[in-house]
Each structure stands twice: as C-alpha cells, then as structure tokens.
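For the protein sequence lines, the chains are C and Z, in the order given. So this note's numbering is basically just the index in the first sequence, starting at one, shifted up by 421. So this note's numbering is basically just the index in the second sequence, starting at one, shifted up by 421.
The set of hints was computed from the structure by calculation and includes no laboratory data. Please note: incorrect hints may appear among the correct ones.
Any copy, or any two copies together, can satisfy a pair, since identical chains are not distinguished.
[To be verified] The calculated DSSO-like cross-link candidates involving lysine-lysine, where the alpha carbons are at most 30 Å apart (straight line), are:
1) Lys552 - Lys537
2) Lys552 - Lys750
3) Lys762 - Lys552
4) Lys537 - Lys588
All values reported here derive from a predicted model rather than from experimental measurement.
Number of protein chains: 2
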Amino acid sequence: MSAEAIMSLISSAAQPGDTLAALDTPSLILDLDAFEDNLKTMQALAEHHGVALRPHAKAHKCADIAQRQIALGAQGICCQKVTEAAAFIAAGITDIHISNEIVGASKIGLLARLAKHAQLSVCVDHIQPLKSLSEALVAQDAQMGIFVEIDLGQQRCGVQTIEEAVKLAQATAALPNVWLKGVQAYHGGIQHERSHEARYQASQAAAQRVQEVIDAIAKVGLECPVITGAGTGTALFDVASGVYTEIQPGSYAFMDNDYGQLEWGEGATFQHSLFVLGTVMSVPTPTRAIVDVGLKSTTAESGLPRPYGLTGVTCTGLHDEHTMLDADKSVHRPPLGSLVKLVPGHCDPTFNLHDTVVVMRGDTVEALWPITARGLSR
Amino acid sequence: MSAEAIMSLISSAAQPGDTLAALDTPSLILDLDAFEDNLKTMQALAEHHGVALRPHAKAHKCADIAQRQIALGAQGICCQKVTEAAAFIAAGITDIHISNEIVGASKIGLLARLAKHAQLSVCVDHIQPLKSLSEALVAQDAQMGIFVEIDLGQQRCGVQTIEEAVKLAQATAALPNVWLKGVQAYHGGIQHERSHEARYQASQAAAQRVQEVIDAIAKVGLECPVITGAGTGTALFDVASGVYTEIQPGSYAFMDNDYGQLEWGEGATFQHSLFVLGTVMSVPTPTRAIVDVGLKSTTAESGLPRPYGLTGVTCTGLHDEHTMLDADKSVHRPPLGSLVKLVPGHCDPTFNLHDTVVVMRGDTVEALWPITARGLSR
Numbered sequence: 422m423s424a425e426a427i428m429s430l431i432s433s434a435a436q437p438g439d440t441l442a443a444l445d446t447p448s449l450i451l452d453l454d455a456f457e458d459n460l461k462t463m464q465a466l467a468e469h470h471g472v473a474l475r476p477h478a479k480a481h482k483c484a485d486i487a488q489r490q491i492a493l494g495a496q497g498i499c500c501q502k503v504t505e506a507a508a509f510i511a512a513g514i515t516d517i518h519i520s521n522e523i524v525g526a527s528k529i530g531l532l533a534r535l536a537k538h539a540q541l542s543v544c545v546d547h548i549q550p551l552k553s554l555s556e557a558l559v560a561q562d563a564q565m566g567i568f569v570e571i572d573l574g575q576q577r578c579g580v581q582t583i584e585e586a587v588k589l590a591q592a593t594a595a596l597p598n599v600w601l602k603g604v605q606a607y608h609g610g611i612q613h614e615r616s617h618e619a620r621y622q623a624s625q626a627a628a629q630r631v632q633e634v635i636d637a638i639a640k641v642g643l644e645c646p647v648i649t650g651a652g653t654g655t656a657l658f659d660v661a662s663g664v665y666t667e668i669q670p671g672s673y674a675f676m677d678n679d680y681g682q683l684e685w686g687e688g689a690t691f692q693h694s695l696f697v698l699g700t701v702m703s704v705p706t707p708t709r710a711i712v713d714v715g716l717k718s719t720t721a722e723s724g725l726p727r728p729y730g731l732t733g734v735t736c737t738g739l740h741d742e743h744t745m746l747d748a749d750k751s752v753h754r755p756p757l758g759s760l761v762k763l764v765p766g767h768c769d770p771t772f773n774l775h776d777t778v779v780v781m782r783g784d785t786v787e788a789l790w791p792i793t794a795r796g797l798s799r
Numbered sequence: 422m423s424a425e426a427i428m429s430l431i432s433s434a435a436q437p438g439d440t441l442a443a444l445d446t447p448s449l450i451l452d453l454d455a456f457e458d459n460l461k462t463m464q465a466l467a468e469h470h471g472v473a474l475r476p477h478a479k480a481h482k483c484a485d486i487a488q489r490q491i492a493l494g495a496q497g498i499c500c501q502k503v504t505e506a507a508a509f510i511a512a513g514i515t516d517i518h519i520s521n522e523i524v525g526a527s528k529i530g531l532l533a534r535l536a537k538h539a540q541l542s543v544c545v546d547h548i549q550p551l552k553s554l555s556e557a558l559v560a561q562d563a564q565m566g567i568f569v570e571i572d573l574g575q576q577r578c579g580v581q582t583i584e585e586a587v588k589l590a591q592a593t594a595a596l597p598n599v600w601l602k603g604v605q606a607y608h609g610g611i612q613h614e615r616s617h618e619a620r621y622q623a624s625q626a627a628a629q630r631v632q633e634v635i636d637a638i639a640k641v642g643l644e645c646p647v648i649t650g651a652g653t654g655t656a657l658f659d660v661a662s663g664v665y666t667e668i669q670p671g672s673y674a675f676m677d678n679d680y681g682q683l684e685w686g687e688g689a690t691f692q693h694s695l696f697v698l699g700t701v702m703s704v705p706t707p708t709r710a711i712v713d714v715g716l717k718s719t720t721a722e723s724g725l726p727r728p729y730g731l732t733g734v735t736c737t738g739l740h741d742e743h744t745m746l747d748a749d750k751s752v753h754r755p756p757l758g759s760l761v762k763l764v765p766g767h768c769d770p771t772f773n774l775h776d777t778v779v780v781m782r783g784d785t786v787e788a789l790w791p792i793t794a795r796g797l798s799r
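Sequences are here, hints too, so could you generate the full structure?
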C-alpha cells in the first residue's frame, strides 16, 4: 500500500455539521459565540476612546480570525515574524505591523519584497538593521513605516534611553524609503500582573515614560503619528491613557487560563472561547482520569491547562501526550471515553501546535479554519 | 500577486552544502557525529545485555531518524499515538509498538486497519478498549500483540494491582485476534531524577515490582514473551535488571538540557546533538542579547534552553518569539546578527514544533529531514 493510501486512512477530526460528541481528539476548538463577544468588546472599548485596534495575530496565526477582527473595525493586524506576515499577506490581509526587530539579510530581503504587496511597518532598536532595511527597500522601490521601540522595563528589545530613541527617529527621517511612523511601547511583563490595581499603576507609569519619549522626539521637529502598544492585560487602561493611539492585544479573543486568572475589576470582561478537546483514555483509580492531550497539543510554560466545567476536578500534570486529572472524592471522575474540554494555559503557542481550529456554534461544527501561519517562525 | 507567489518569496532555511553561517533562523539542527555516537552507544549497551532496543519515536517523529536507529540494530520503534504510527508505517517502518492506551471508536478503527500493514502492538489497562480492539481486529481480519501496562508509581496510566494485571492478561488470552505479547512497565518520573544512585534504586524497586507481576501472570499459565519499558534515565540499570527484555528510550539520541543535567556516573554517556539555532536580533544593553527563538521554536516546560559554547552567558527567559540572554560582564555578549546555538530544554515537544530538521556534518548541511509525524497527536 502506498504512503498516500496509508495516510488516507486517517479521517478528519471533524466535519462541518458534526456535533461535539463526534469529534476526534485532541482537537483545538473555538466557541464562536464567546469569540465574537470578545472581539466586539475590545473593538467597542477602543472605539469608545478613539484609539485604533490592531489585534496581534501572533496569538492565533489564523487568517480567518484576522479577517473577522478587521471586518469588525480593526485597523489591520500585528505579526511578530516576517514569514508569519507573508502568510497573512498571501491570505489577503493588507495592513500589517511587525511589532518586532528584524535582523539578518534573508529576513530583511523578504520584508522589503513583501512591502510591494502590503502596507507594512516594523520596529527598530538599532541603527544597523534600519540601514540594511532602507537599502533593501531602495532596491525594491518600496516604502515602510518605522516604529522606534522603547523598553518600558520588560528587559527585552527596545532602546534604553530617550536619547537613543531620538537618534533612531532622526536616522529614520534621514534614510531613504523608510519613514517615522511612531513609537512602539509594549510592556509584556505587566500584562500578566494579577492585581487590577497593580496593572493600572504600571500602565500609568509606562504611559508617562512614553510621553517623555514623544516629547523629546517632537523637540527635534519630528512627529510620531502612531503610538502603539498594550496587551490584553492593560488595554483597558492604555486606551484611556491619552498616549496610545493604537493598541495591539491578542489573547482577549480567546482568554487562556493565565489571563483568566487576572483580577478584571469592573472593566471590559472576556470569556474563554478556546479549548483543547480531549478524551479520557485511562481511569486507573477511582479519582484519576488521564486525558489524551499532552504538550504537543497544549503548552505548559504558563501553567497547566484547566478542565472546563468540571467542578472538583483539577489538572495535576501535563506530559508529552497525557493530561493528568484528579477528581475530588465527592465528585464524579469523568468516565473512560468521555470528552473533556481544557482551557489552555497560554493560547499563542497552543494555536501554533495545531494545523486547524474546529469552529463551533454551540454544539455544532460550523467550519474548520486552517492555522495559516502555523510553524512560520522565521 | 497570488497567494502561492507570495509564499514562494520565502526561501528555504537551508540547502544541502550550506555552511552553518548561511542558515536562516530559527532552525532545528542535528549534529550527525554526536547523534550517530549516541545511537551506537545505546545499541551497544542493549546488545551487551542481550536486550532489544526499541527507540521511542515520540522523541523525534522523524522517519529518517527511525530508519537509522533500525539500521543499527533497533528492533523497531515505539509510537505514542495512532496517527503518529500511521506516518511511520507510510514511511516504511514495519514494527511499531504503541506504548500507550488507545480509546475511542475512531482511533481503534484506524489502529485495526493499520494492523494489516505493519506488525503492531499496543498497551491496555482496561477491559473495555481491549474488547473494542479485538472486535475491530476481527472485522479487519488482523492480529495485534497486547501489552498489559502496569503503573510503577508514575500515577499515569496502567493497572494498579497485580490482580488487575492478571485479569487483563487472561482477558487478552481469551479474546480473538489479540495475543498477550507481555507487560509494559515504564516509570517516566524516575527518568529525570538527577542523582545516579536515586535512579538506580528506583529502577531496582521497579524491576522487583515487574517481576512480581510476571510471576503472577505465569502462575495462571500465561507467558509474557516481552517485558518493555525504560527511558534514557534508567536504561543503563534496566538492561542489567534481568527483568526487561526490551528498552524504549528516546531522548538518548539528542540529550536535551533536562537530561543533560543528570548525574551520569561512569556508565554510558550521551552528547548534545540537537540544537535550535537563533540569531541575535537585539542588543539593547552591554550585557543583554535577545535571540529570535521563542516558545514556538523550543519549549520551556522542562526548563529554559541553554546557550551552547558561550561560557558566562545564561538564558534568563523565553517568550513567544524571544530568548533572553544575559552575559556576565567579564565576557563578550554575542554581537547583533550573530548565530547562537541553544540546547532545548525538552527534545520531544521541540521536534514537534518544526517541519524539518537541518542535518549537519560538522559545519556543513548534509540533508534536510522532514519531521514526518509533526502535529500528528490523535
């Protein structure tokens, strides 16, 4: 039997019209009602404050999701990688900010070629790649908006001082085929602060720092039309800061278990819309259930997944191909062969493990959406 | 421009004949010399003790790697999932043990169909899926070897008592188209005990428990031709236990950073052969270097990746698309644009993030091997 014939024995995990009970596992599933509510909530929040929403597509890598975000009013999307952006451009998305530094001849060459096919912008925190990009854009006869990235204390990328930010802004203004689009000011660390008050205070401090940078750039006669940043954890505060003109949250559409544990206060709230569906494959003791979902279907670096809708059942471990559940003696352990929904610990790398997300309207499969940029990390 | 034309702008990360310096990043790379040494060391260890080696292919999901393991004398391979096994059968591997419980009509149906095309065995720890499998095999006119899995204290799958093991062995002997191939006794938890002595003691205790199960099964007149188990951490002890007839280690071929931290004593030693290659994309301070490798290219649940060959440089964090490195002030921080090799924390889920592994002989790309079963988790 040929290799193709062997592989054709594998049936699809789901077909449109299937009910949840018919799905094979592990499957990544999206609850459309919750997802659509989340999209509308964030869009309304941004619009209420007159701030643009540019959702981060690194969270989902899925063109169908990006298209729905844009249809509701999003300005475009963010990507983190050049190949990821290529996949979204190929899917018809025309306005993409690469919220990251791009270094190396191969990546800069691709970025410049893609600039012929979409409205792109990118971050810089060093003169050298900025110069290389300008040269590559000249060669392609293409243009690109540049954001000077500042480090707000995350200790990742971004310039450290106001003087460096001003210098890079001036260098951008002086180089051909690049133009100063603004400042990127994103602090990933504070997104996950559990306390509402702590996130508010951190967001205020960050906004003040951003304002100092904008003022210094203005002082040398340069404008920053766009100030972009913010994630799901601080979006509520950042839209009202008067500093950001654009926010780039991603996880709000899905609400993984990590973000679900934040104190949300009385602001906008988001619902879990993303789950990994598993099957109980072993029930070796009266309280233990082993589910066929492992590290290759959901990631663990932001904590274990949480069994959804199973009061008294906790996740005690995640191995390569197993989730360990423990049921309190007072409750029923899910039976052998039953389906279990898990809320992933961290949505971004979990999406990247799957080729497809199974899209559910209530209990029925409405569509299968490909994870367009799955595995595209260059 | 068409979607295909856009995607064709992305060049391959590597071509045979390229030097390391020419690779685009992130790339998963395999050092063939170290890899081949590792394969030979484990094969010699198994042969010295007259024990079969059946490497676990969940570690790599790569048919080219499995073929090299078998060419050196491995009995066949282990898989963890039915779709994973299908991909290896399609690639021509004919002897596969599924070292896991398989539950659900769709999976059992596929397993029975695959049994027409390869010599397969599978684990059971419950009568219900055993009966379903027997029925499915009858329908396909196929046969399958059955391993009763026992829980050695890992608290995952496997029967809890000797009585249950005997009952399942008897049920297997009584059902059509399945036959008792033996006992699977694998303790994942003890593989990662840092201390050589602690792993030895745990391995001895486990072997004693396995012997009690074999004896009880023999007492009811049933034979267990194969006793399978062991991982990279205890293989050295398990081959000499007199109990195991087959070992199923996987990570030994690659030695991730977690296994690399074990005390190996004077026994067989293994070398790091697997790396994720990254580029320094930002150098915001004199001691900080940010590398373009994140959670979508290497996983973090077993600890952070380790920069290889960079004394005084430590990894301080891993985000979705960034590795944070910190250089001691006494050493040189890797410069912007330079390549950095990272030893992944955990090889199994890291392989599963990549479509291809770039195979290096010294400094030169020898081949690109597809990760055959990447993403096949059902």
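Verification of the supplied hints:
1. Taking the shortest Cα distances, Lys552 and Lys537 sit within 30 Å of each other inside one copy (18 Å), while across copies they are farther apart (61 Å).
2. When the C-alpha separation of Lys552 and Lys750 is checked against a cutoff of 30 Å, the pair qualifies only between copies, where the shortest distance is 29 Å, while the shortest distance within a copy is 64 Å.
3. Proximity of Lys762 and Lys552 under a CA criterion of 30 Å is satisfied inter-copy only: 26 Å between copies versus 49 Å inside one chain copy.
4. Proximity of Lys537 and Lys588 under a CA criterion of 30 Å is satisfied intra-copy only: 28 Å inside one chain copy versus 69 Å between copies.
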